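S.K.: Sequence:
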Amino acid sequence: MDFTKLWTLFGGKTKTTKKLRKRSHRYRCKRAMNSTMFQYTTADRNAEAFAKIFTTVLLGIIVNCVNGIFVFTFFKSSVFYNDPRYILYVHMVLNDMLLVFFSVSLIVMTYAWPKVPLPFCVSLLIISSTTHKNTPLTLAGMAVERSIAICKPLHHHQICTVRRTYILISLIWGVGVLPVLADLILLLVVRPLSVFTTSGLCSSTNVYNTPYHVEQSKITHGIYTSVVWVILVFTYCRVLIVARRASTEKSSANKAQSTILLHGIQLLLSMMSNITPVIDKIYANVVPTLRSNISFFNYLLTNLLPRLLSPLIYGVRDKTFFKYIKGLLSCRLLNMKVESIKQ
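Be aware that the sequence shown starts at 14, since it is given in my numbering, and climbs by one per residue.
Simulated from the structure, these hints should not be mistaken for lab results.
Only a predicted model underlies this, so the values are computations on that prediction, with no experimental measurement involved.
Note that the Cβ used here is the ideal one computed from N, Cα and C, for glycine as well.
What follows is a set of in silico ranges between Cβ atoms, one per label pair, in the way DEER data are often shown:
| no. | residue 1 | residue 2 | range |
| --- | --- | --- | --- |
| 1 | GLU228 | HIS169 | 38 to 44 Å |
| 2 | HIS168 | SER271 | 21 to 27 Å |
| 3 | ILE254 | ILE75 | 40 to 46 Å |
| 4 | VAL175 | SER216 | 36 to 42 Å |
| 5 | GLN171 | PHE63 | 52 to 58 Å |
| 6 | TYR225 | LEU322 | 32 to 38 Å |
| 7 | PHE67 | HIS170 | 48 to 54 Å |
| 8 | HIS168 | LYS336 | 25 to 31 Å |
Make the full structure from the sequences, and use the hints.
M.R.: Written out as structure tokens, the structure is:
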């Protein structure tokens, strides 16, 4: 009979049991520490996600509120209704407001709703991608309108009518939606129809993740970028030649040159979002631990900030538009002061 086993069975302590208890105690402590660390990191991640969502939503609201002032000014002042330049401008502002709303919604959904049904996700991606393509196309249309106003001033009112401006806006939306429809057709061809019953993270890289989509994206980005830049360079050179030849109206020609240059700056701002994946890849290799934070700040700088600066620069620079904005805001402030005095 083993007296050691009996001794330990009745609560006795041997050297072996002491060692086993020490080991089990250490194991429990280590397990408790790991559990605490896991809870801490989970809470930390939740706090970080909340901070990112709050910042994104707040900046999105600020951007759309500022842009909303320009839209409100346009619809409150009938003087802008018959001017193609202002119609195209307010279309660009409304388009950017839609882009900000849907891009912010997609960012929030990545944190709050990781399992989005694919049909709903595709609908959001179609609107988001189309509005993204519309901005440079609208800037190209605005540059052409300014070129016609300077190079053919006598025929400007015949060529650039309000009806043709709205037709141009319809064409911009038609051309802007083509790449997204191509992505959708590729998805239907490559993937089985059952994929539309699945759910997952709602992002273009997650939904359109085939090699065909990558190549198609490169081709469309290249075509859109090159066409818009060719239009801007062509219109600027044309206005520059007319400005040098003309003996009169040089001030208006110089102003048109500055406007087209401004469209170039706006285009650079709007196309900053195209370099977002490149920056993410570079910093992901250099600092992999801070990848999510870098991607977040990269999104704010290359997607949200340009949607604020681009309409703001043009709207404040335009004397007529700025005058009406000041008038509307001053009237609002005056009405508020009068109502507060009456109360």
